[in-house]
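Chemist: Residue numbers (the working numbering), protein chains in the order written: chain G, 73 to 323; chain D, 252 to 387.
Honestly, the hints are just simulated from the structure, not real lab data.
Be aware that one or more of the hints could be misleading.
In silico lysine-lysine, DSSO-like type, Cα no more than 27 Å apart, as pairs [as the list claims (entries may be wrong)]:
id: 1; chain 1: G; residue 1: K308; chain 2: D; residue 2: K377
id: 2; chain 1: G; residue 1: K258; chain 2: D; residue 2: K295
id: 3; chain 1: D; residue 1: K283; chain 2: G; residue 2: K161
id: 4; chain 1: G; residue 1: K248; chain 2: D; residue 2: K283
id: 5; chain 1: G; residue 1: K227; chain 2: D; residue 2: K295
A short list of chain G residues far from chain D (calculated; beta carbon distances all over 10 Å) [claimed, not checked]:
id: 6; residue: D79
id: 7; residue: G80
id: 8; residue: E112
id: 9; residue: G115
id: 10; residue: D154
id: 11; residue: L213
id: 12; residue: V214
id: 13; residue: S249
id: 14; residue: P275
id: 15; residue: T283
id: 16; residue: M298
id: 17; residue: A312
id: 18; residue: T314
id: 19; residue: R316
Predicted, not measured: the structure shown is a model, and the values here were computed from it.
Note that beta-carbon positions come from the ideal geometry of N, C-alpha and C, so glycine has one too.
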Amino acid sequence: MIELTIDGKRVQARKGEHLLAIARREGVEIPTLCHHEAVEPSGACRMCMVEVTRPDWEGWSKLVTACNFPAEEDLIVRTRTDKVMQTRKEILELLIARTPGSQLIAEMAREYGLDHPTLTVGELSEKCILCDICTRVCQNLVTGAISRINRGVEKEVNTPFAEVSDVCIGCLACAKSCPTDAIEFKQVGLERTIWGRTFDLVPCTQCGAPTLPKEQAEWLSERTGMKVEEYFVCVKCKAAQTARTYENIAW
Amino acid sequence: MEKKLLHVYPQRCTACRNCEIACSFAHPIDGKAGVARIKAFGDKEGRVGHNQIVVCMQCEDAACVSACPANALWRNPDTGAIYLLEERCIRCHSCVAACPFGNMRPQADEFPSKCDVCGGDPACVKFCPANALEYK
Ligand code: SF4
Ligand code: FES
């Protein structure tokens with residue numbers, strides 16, 4: 073265990089623990105955009121900037137990203153200095169210029185006093201802040217169907233060569249974990265479309281309601297050893313089946 | 252210390268579904284009632300003592316836990332119940348597909364929901380007028 077200071081409060085932590093985790097445990101709020109507990113931090117969005125110094129730094133301080141900065145003994149962390157607030161504001165100014173379509177960014181920007189953003193470079197509908205949550209989630213936890221493609225201003229998240237992916241299993245984890253809802257998908261009846269590919273949702277073997285794409289069931293089956301068909305019963309029918317099983321058990 | 256368990260006594264259940272309502276309100280989404288994690292099934296023929304209560308059994312070797320790619324399902328060391336750590340969940344709904352008993356329930360754009368025995372003070376138990384649920 074080590075001791076450090078966050079906003080004037082002495083706190084304990086494990087050496088190397090990330091500042092964001094410590095701050096959250098202590099109830100200190102730090103805004104984040106690219107942070108997701110399920111994947112390693114990447115330091116992509118810069119919203120979590122805090123100012124750190126040490127007693128032996130003779131007054132010098134530096135800005136670091138709290139999400140991936142490791143704690144060390146006697147570190148002094150300040151989360152709301154003028155420098156921090158100004159930096160976050162500038163980051164939001166750039167983000168809002170890139171993503172005029174994102175409500176979340178607009179709201180955060182307003183919180184930092186940016187009521188009338190002056191700069192717009194992105195398309196008006198653009199929402200993606202390139203935080204990489206979706207790509208980290210897909211690559212580390214699912215099948216690795218999407219990544220960042222192209223460079224510079226052309227950079228975007230997509231399938232390789234923006235072609236229809238045969239690796240994607242249609243689980244929607246990318247879309248659902250996106251902080252700005254930038255990933256579009258559509259689900260109508262037994263069809264789900266994402267990244268340009270339409271998946272057939274297998275109808276429940278008992279009532280016909282949509283369950284999940286066959287591709288996701290196969291992927292799950294490989295990981296868990298359950299039979300693919302076992303996934304093709306909807307929740308309602310599974311619960312009803314459980315009730316019937318109970319009924320048949322002699323008490 | 253022995254861990255408490257949620258006991259169900261379907262013989263006593265009147266299928267009034269108070270437990271479902273209590274559960275919904277104990278797990279709200281944006282201030283509105285959430286999806287109930289417990290379900291009372293009234294007997295089709297209305298026979299007394301034949302209703303059924305379906306709720307997570309907190310399986311030892313749980314299908315939801317092994318299906319989750321994000322390690323978002325954890326066993327609470329205090330209650331022994333499995334709960335969903337929302338910060339880790341990527342909402343792939345694999346757990347919903349995996350639970351063979353229908354006890355992991357989807358909620359449209361939200362995190363799936365499952366019984367977490369309310370962290371050790373289950374609301375359903377308190378609201379069951381027929382004493383068909385006990386936590387002991
Ligand atoms: S929906 Fe969440 S808890 Fe369920 S399997 Fe996916 S990541 Fe795990
Ligand atoms: S949350 Fe730390 S850089 Fe995005």
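Chemist: Now look at each hint and say whether the structure bears it out.
Modeler: Against the structure, the hints come out as follows:
1. G/K308 with D/K377: Status holds; Cα separation ~25 Å.
2. G/K258 with D/K295: Distance ~37 Å between G/K258 and D/K295 Cα, so the pair is violated.
3. D/K283 with G/K161: Distance of about 33 Å is beyond 27 Å: violated.
4. G/K248 with D/K283: 21 Å, holds
5. G/K227 with D/K295: Outside the cut-off at roughly 58 Å; violated.
6. D79: About 22 Å separates G/D79 from the closest Cβ of chain D, which puts it past 10 Å; holds.
7. G80: 26 Å, holds
8. E112: 12 Å, holds
9. G115: 18 Å, holds
10. D154: 30 Å, holds
11. L213: At roughly 4 Å from the nearest Cβ of chain D, G/L213 sits no farther out than 10 Å, so the non-interface label is violated.
12. V214: For G/V214, whose nearest Cβ neighbour in chain D is about 6 Å away, the distance does not exceed 10 Å, so it is violated.
13. S249: Non-interface label on G/S249 violated, nearest chain D Cβ at 5 Å vs cutoff 10 Å.
14. P275: 14 Å, holds
15. T283: G/T283 is in fact no farther than 10 Å from some Cβ atom of chain D, at 7 Å.
16. M298: Answer for G/M298: violated, closest chain D Cβ roughly 7 Å.
17. A312: For G/A312, whose nearest Cβ neighbour in chain D is about 7 Å away, the distance does not exceed 10 Å, so it is violated.
18. T314: The claim is violated: G/T314 sits with its nearest Cβ about 4 Å from chain D, within 10 Å.
19. R316: Contrary to the label, G/R316 does not stay out of reach of chain D, its closest Cβ about 8 Å off (not over 10 Å).
The structure shown violates the earlier hints numbered 2, 3, 5, 11, 12, 13, 15, 16, 17, 18 and 19.
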